[in-house]
Each structure stands twice: as C-alpha cells, then as structure tokens.
Amino acid sequence: MSQHPPYARVFGTFLRNALVREMTFRGNFLITVLTRAFWFAAQMTLFEIIYSNVTSINDWSREEYFAFMATGMLINAIVETFFMPNCANFSELIRTGNLDFALLKPIDTQFLISFEKVDIANLNQVLLAGGLLGYSLHTMGAVISAWNVIMYLLLIAAGVVFFYSLMIILASTSIWFGRNRGLYDFWFYVTVFARYPRSIYSSRSEGGTPSNISEWAAGDVLMFSFSYIIPILLVVTVPARVLLSKPLQPSWVVGIALIAPIVALVISRAVFNWSLRSYRSASS
1 MSQHPPYARV FGTFLRNALV REMTFRGNFL ITVLTRAFWF AAQMTLFEII
51 YSNVTSINDW SREEYFAFMA TGMLINAIVE TFFMPNCANF SELIRTGNLD
101 FALLKPIDTQ FLISFEKVDI ANLNQVLLAG GLLGYSLHTM GAVISAWNVI
151 MYLLLIAAGV VFFYSLMIIL ASTSIWFGRN RGLYDFWFYV TVFARYPRSI
201 YSSRSEGGTP SNISEWAAGD VLMFSFSYII PILLVVTVPA RVLLSKPLQP
251 SWVVGIALIA PIVALVISRA VFNWSLRSYR SASS
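Heads up: the sequence shown at position 198 corresponds to 198 in my numbering, and the numbers run straight through without jumps.
Treat the hints with caution; some may be incorrect.
Distance windows between CB atoms, simulated [unchecked claim]:
#, residue 1, residue 2, range
1, 127, 48, 14 to 22 Å
2, 225, 147, 28 to 36 Å
3, 55, 138, 16 to 24 Å
4, 142, 95, 45 to 53 Å
5, 140, 219, 22 to 30 Å
6, 103, 55, 35 to 43 Å
7, 265, 35, 45 to 53 Å
8, 247, 108, 37 to 45 Å
9, 229, 251, 17 to 25 Å
10, 45, 141, 19 to 27 Å
11, 39, 103, 36 to 44 Å
12, 229, 30, 18 to 26 Å
Derived by calculation from the structure, the hints in this document are not laboratory data. Cβ atoms here follow ideal geometry from the backbone N, Cα and C, with glycine treated the same way.
Let's have the full structure, built from the sequences with the hints guiding it.
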C-alpha cells in the first residue's frame with residue numbers, strides 16, 4: 001500500500017486552510033479583491049479610450065482584443081493564485097530551515113512546495129476574465145466550435161504549466177543563492193511582454209518575421225526570442241487566436257505552444273530535484 005496520501009485530498013486541505021485564512025483576515029481579502037477590480041477597470045478604461053480613436057490594433061478589433069485580455073487575465077490569475085505565493089515562499093523555507101520538515105513529509109516535495117499556499121483572493125480575476133471573455137464573444141457574435149473550445153482550454157492549461165515551470169526553476173536557485181528577490185521582478189517583466197499580442201512586435205503588418213535577418217527591427221528580435229527561444233508571447237496569443245479562429249503566422253506555432261510547456265515542466269522537475277540534492281539541512 002502506498003505511503004503517499006491521496007493528492008486530491010491533500011489539495012482539498014490546502015484549499016480549506018486558505019479559505020479559513022482569508023476569512024480570518026477579511027479586511028486583507030477585501031482590499032485585495034477591490035484592488036484587483038480597480039486595476040481591471042483601469043485597463044478596460046484605457047483600451048476603451050484607445051479604441052475610441054482607432055478601429056483596430058494591428059489586426060485586433062476591440063472585441064477581439066478584449067478576448068485576448070481575458071485570456072491573459074485567466075492564465076495570470078491561475079498562476080498567481082496557486083503558484084506565485086508558494087514559489088516566492090521557497091527561499092523563506094530554506095532560510096528558516098522549514099524546508100527540512102517539507103522533505104520529511106510522506107508526499108512529493110515539489111507538489112507540497114507548489115500548492116501548500118493558495119491565494120484565494122486572486123480567484124476574483126478568474127470571474128472577471130470569464131465575464132470579459134463572454135462579453136467579447138457575445139458582442140462580436142462569434143460562433144465558437146466545440147473543437148475551438150477544447151483547444152483553447154488545452155492551450156490555457158499549457159500556458160499555466162509553462163509559467164509555473166519558469167517559476168519553479170527560478171525559485172530553485174534559492175538553494176544556491178539564498179534569498180531570491182527576483183521572482184516578482186521576473187513575473188512583472190514576463191506579464192509585461194505577454195500582455196500584448198505577439199503581432200505588435202513585428203515590423204510587418206501581417207505579424208510574421210522577416211525572412212532576411214538584415215530586415216529585422218528591434219521588435220522582430222524580441223518577437224523571435226520570446227516566440228521560439230522562451231515562448232512567452234505564444235502563451236496568450238495562440239489560445240486567443242485559436243478561440244477566435246484567427247490565422248496564426250506561422251500556423252505551426254500551435255505546436256510550439258503545446259510542446260514547450262511539456263519540455264519546460266521536465267526541465268523544471270530536473271532542476272528542482274538537482275537543487276534539493278545540493279540542499280544542506282538546517283540541522284547539519
């Protein structure tokens with residue numbers, strides 16, 4: 001009989017603990033929810049102003065761009081709810097010696113490190129994103145096939161896995177460098193790049209990469225780097241374009257958006273285990 005407890009039950013315990021914690025500090029919960037709602041309203045207002053002066057941004061109409069925004073919000077909300085607080089806390093576990101207790105528990109250490117803390121207040125972003133996505137699709141009168149929905153959800157999951165993998169790799173470096181203050185900076189810059197459609201970085205109107213390197217502009221370099229080396233720009237753009245049946249340039253970037261997270265997850269697992277082998281117990 002396995003010595004490991006059922007992971008679904010353990011995760012349910014984490015959720016209950018998070019709910020109790022949020023209800024204990026209701027003021028903090030309310031402030032977080034209101035702050036997120038204000039930021040959402042500010043973003044909406046900004047792009048309403050922009051679209052009152054233009055009909056499209058690159059090849060994105062107002063409703064299409066709002067669907068893109070909703071996709072990015074959804075991925076960010078899931079990552080910030082389940083993974084950000086845990087990855088950020090990893091260096092504290094090392095500093096205080098509490099990682100020793102995590103290593104002794106009869107459960108996979110990476111699972112425990114990744115899911116122990118849940119920031120429930122960020123789940124309101126999921127509701128806001130869902131509302132914005134529904135509004136966008138209804139306003140444009142989009143007819144979405146079941147296949148598009150399945151692919152969209154699969155690509156959303158792939159995006160979450162990709163960002164989680166990057167986070168756990170960065171958090172693992174705390175074993176060697178001590179307190180890691182760069183995680184929030186990393187997440188800020190990642191979301192800045194992923195906040196805008198991939199095509200706006202291209203010097204070509206159709207959003208492709210110039211075939212001749214001598215014709216590349218700075219934006220083309222960024223687009224290539226964050227599409228094919230570290231595919232941050234594909235995480236939000238690809239699922240949004242798939243859902244809306246908008247053409248992709250090139251079409252095979254869908255494959256990259258699905259394969260890259262798997263590769264990143266395997267690498268992150270290897271880096272995490274490698275870092276644990278380098279860990280010196282606080283009691284040693």
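Results of checking the hints against the structure:
1. Checking the proposed 14 to 22 Å range against residue 127 and residue 48 shows it holds: the Cβ atoms sit about 20 Å from each other.
2. In this structure, residue 225 and residue 147 meet the distance hint of 28 to 36 Å, their C-beta atoms being roughly 31 Å apart.
3. For residue 55 and residue 138, the hinted distance range of 16 to 24 Å is satisfied, since their beta carbons lie about 20 Å from each other.
4. Roughly 50 Å separates the CB atoms of residue 142 and residue 95, a value that falls within the hinted 45 to 53 Å.
5. Under the hint 22 to 30 Å, the C-beta atoms of residue 140 and residue 219, about 27 Å apart, fit the expected range.
6. About 57 Å separates the C-beta atoms of residue 103 and residue 55, a value inconsistent with the hinted range of 35 to 43 Å.
7. For residue 265 paired with residue 35, a C-beta distance near 31 Å fails the hint of 45 to 53 Å.
8. Taking 37 to 45 Å as the suggested C-beta distance range, the pair residue 247 and residue 108 conforms, at roughly 41 Å.
9. For residue 229 and residue 251, the Cβ-Cβ distance of about 20 Å falls inside the hinted range of 17 to 25 Å, so the restraint holds.
10. Between residue 45 and residue 141 the beta carbon distance is about 24 Å. The supplied range of 19 to 27 Å therefore holds.
11. The beta-carbon spacing between residue 39 and residue 103, approximately 38 Å, falls within the hinted interval of 36 to 44 Å.
12. Between residue 229 and residue 30, the C-beta spacing of about 41 Å breaks the proposed range 18 to 26 Å.
Of the numbered hints given earlier, the model fails hints 6, 7 and 12; all others are met.
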